[in-house]
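Asker: Protein sequence lines correspond, in order, to chains G and R. Position one of the first sequence corresponds to residue 80 (my numbering), numbered consecutively onward. Position one of the second sequence corresponds to residue 129 (my numbering), numbered consecutively onward.
These aren't lab readings, by the way, just hints derived from the structure by calculation. Hints are supplied without guarantee of correctness; some may be wrong.
[As the list claims (entries may be wrong)] What follows is a set of in silico ranges between Cβ atoms, one per label pair, in the way DEER data are often shown:
no.	chain 1	residue 1	chain 2	residue 2	range
1	R	Val344	G	Asp296	56 to 62 Å
2	R	Leu305	G	Phe96	28 to 34 Å
3	R	Arg146	G	Asp296	45 to 51 Å
Backbone N, C-alpha and C define an ideal beta-carbon position, used for all residues, glycine too.
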Amino acid sequence: MFPTCPAVEASGVRRTFGRRRAVDGVDLSLNAGDCLALFGPNGAGKTTLLRLIAGLLKPTSGSVQVCGRILRDDAAARAHVGLISHQSMLYRALTARENVEFAARLYGVPDPAAAAVDALERLRILDRADAPVRALSRGLQQRVSIARAIVHQPDVVLLDEPYTGLDAAGGAALTDMLHVLRSSGAALILVTHNVEEGLAIASHAAVMLDGRLVRHDDCATLDPRAYVAEYRELVLRGAADEESLDVEATA
Amino acid sequence: MTTLSAPGTFGAAWLVARKDLAIEFRTRTAFFSALVFAVLALCIFYFAWDESIIAPAQRAPGVLWVVLAFSALLGLQRSFGLEEHDRGIDALLVSPISREAIYLGKAIGNLLFLCAIQLVTIPALALFYNLPVGRPLLVVTGIVLLAMIGIVAIGTLFSAMAVNTRLAELLLPMLSLPFFVPILMNAAQATTRVLADRPLAESWPWLKILIAFDIVFVVACTLAFPFTLEE
Numbered sequence: 080m081f082p083t084c085p086a087v088e089a090s091g092v093r094r095t096f097g098r099r100r101a102v103d104g105v106d107l108s109l110n111a112g113d114c115l116a117l118f119g120p121n122g123a124g125k126t127t128l129l130r131l132i133a134g135l136l137k138p139t140s141g142s143v144q145v146c147g148r149i150l151r152d153d154a155a156a157r158a159h160v161g162l163i164s165h166q167s168m169l170y171r172a173l174t175a176r177e178n179v180e181f182a183a184r185l186y187g188v189p190d191p192a193a194a195a196v197d198a199l200e201r202l203r204i205l206d207r208a209d210a211p212v213r214a215l216s217r218g219l220q221q222r223v224s225i226a227r228a229i230v231h232q233p234d235v236v237l238l239d240e241p242y243t244g245l246d247a248a249g250g251a252a253l254t255d256m257l258h259v260l261r262s263s264g265a266a267l268i269l270v271t272h273n274v275e276e277g278l279a280i281a282s283h284a285a286v287m288l289d290g291r292l293v294r295h296d297d298c299a300t301l302d303p304r305a306y307v308a309e310y311r312e313l314v315l316r317g318a319a320d321e322e323s324l325d326v327e328a329t330a
Numbered sequence: 129m130t131t132l133s134a135p136g137t138f139g140a141a142w143l144v145a146r147k148d149l150a151i152e153f154r155t156r157t158a159f160f161s162a163l164v165f166a167v168l169a170l171c172i173f174y175f176a177w178d179e180s181i182i183a184p185a186q187r188a189p190g191v192l193w194v195v196l197a198f199s200a201l202l203g204l205q206r207s208f209g210l211e212e213h214d215r216g217i218d219a220l221l222v223s224p225i226s227r228e229a230i231y232l233g234k235a236i237g238n239l240l241f242l243c244a245i246q247l248v249t250i251p252a253l254a255l256f257y258n259l260p261v262g263r264p265l266l267v268v269t270g271i272v273l274l275a276m277i278g279i280v281a282i283g284t285l286f287s288a289m290a291v292n293t294r295l296a297e298l299l300l301p302m303l304s305l306p307f308f309v310p311i312l313m314n315a316a317q318a319t320t321r322v323l324a325d326r327p328l329a330e331s332w333p334w335l336k337i338l339i340a341f342d343i344v345f346v347v348a349c350t351l352a353f354p355f356t357l358e359e
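Build out the structure end to end from the sequences listed, making use of the hints.
Answerer: In structure tokens:
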């Protein structure tokens with residue numbers, strides 16, 4: 080686990096695509112058992128930040144470490160991380176079980192078949208384990224995708240809009256699983272547009288606007304209702320500023 | 129956390145290859161399109177030449193390598209295409225396996241896929257062009273296998289590079305074919321001699337160059353592959 084260093088540490092992370100700064104100088108530190116809910120409007124840079132932490136993108140400057148190790152350069156360190164992305168990252172021609180078992184084998188889980196069954200059961204989708212993924216609904220595919228991401232019991236779980244497409248049962252299964260992961264000491268980063276949902280699970284909350292972390296709070300000291308109102312105001316103000324900049328640019 | 133012991137490079141490569149073959153076995157789309165193309169091309173080439181001017185056995189080596197190169201491209205096209213649909217490639221990249229293992233896995237999968245196509249193409253060629261069965265055909269199969277290693281090494285790399293582009297289907301042949309030339313040239317020279325029933329020693333210099341190209345392409349493409357994944 081992470082006895083001495085933060086589970087996730089980002090310092091001065093910047094990532095540009097051409098001239099656009101998708102992530103602009105983000106500092107972040109997360110310990111084992113922490114859950115950070117990351118809010119922000121579309122295009123704020125949340126997904127890019129998750130991809131930087133997962134090692135899928137290289138920072139233009141700054142550094143991202145998971146337990147003191149840079150994932151891009153350290154294959155073994157990647158075994159500590161689980162990623163749930165916008166896309167399911169599943170193979171449609173394979174069954175749910177085959178997809179999860181394949182992931183378990185890639186991570187070197189000792190008993191991949193049993194681990195796959197356990198993960199699918201936790202997401203309450205074991206009864207559809209032998210159906211090809213292409214035959215499953217969007218919500219069920221999302222559950223399989225989550226099972227795939229947690230089959231190796233990662234220490235850091237990165238979740239990008241994980242509730243998208245889930246019905247009430249799927250959402251409840253995911254929330255239960257996130258609580259279990261946290262109590263077992265995993266650090267979570269949850270990107271979501273649903274502020275109430277995020278605050279219910281998280282220990283910390285942050286808001287991202289235009290690639291920057293503009294607010295970072297400890298959930299223990301937050302009034303959720305006031306936070307929701309403040310967040311909406313922040314986002315609307317950000318959108319208005321952007322619009323006025325666009326108008327100025329056009330003029 | 130469970131004690132994990134991630135597979136080594138070759139173990140991981142085999143996992144990736146097995147997964148690709150399982151997907152192909154379920155869908156069979158690329159296999160059938162490559163196979164149908166190969167057989168149809170053999171037929172067309174057979175009727176396109178006047179038998180009284182060039183004997184079928186003399187045409188066979190050229191036909192074999194043209195058909196093989198283009199049917200290989202059809203198969204290679206799908207290699208990274210199936211990773212793109214739901215970004216399965218991201219799941220591979222965040223896993224603890226090396227980038228080289230991903231490349232080798234894809235290449236092994238492609239090689240087995242192309243071998244399966246050749247299992248039908250070579251007998252069909254022998255049938256259409258009245259080739260001597262037995263030892264010459266076995267040697268030709270060996271040459272095909274050697275050539276396939278180089279073709280797959282290059283094609284897999286360029287398939288990864290082309291997949292994210294708008295003109296992927298055009299880009300893969302444009303990038304790959306110039307690099308196929310040295311392989312095809314040496315393989316065709318060796319095949320011509322074998323099918324003319326000349327001693328194997330005559331083909332050996334061409335085969336040595338072919339083997340050298342295989343080694344260079346496999347090593348160079350494995351080392352270059354991680355750079356194709358940079359966004």
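Asker: Hint by hint, say whether it matches the structure.
Answerer: Right, here's what the structure says about each hint:
Separated by about 57 Å at the C-beta atoms, R:Val344 and G:Asp296 satisfy the suggested range of 56 to 62 Å. Checking the proposed 28 to 34 Å range against R:Leu305 and G:Phe96 shows it holds: the Cβ atoms sit about 32 Å from each other. Range check, R:Arg146 to G:Asp296: Cβ separation about 47 Å, and the 45 to 51 Å hint holds.
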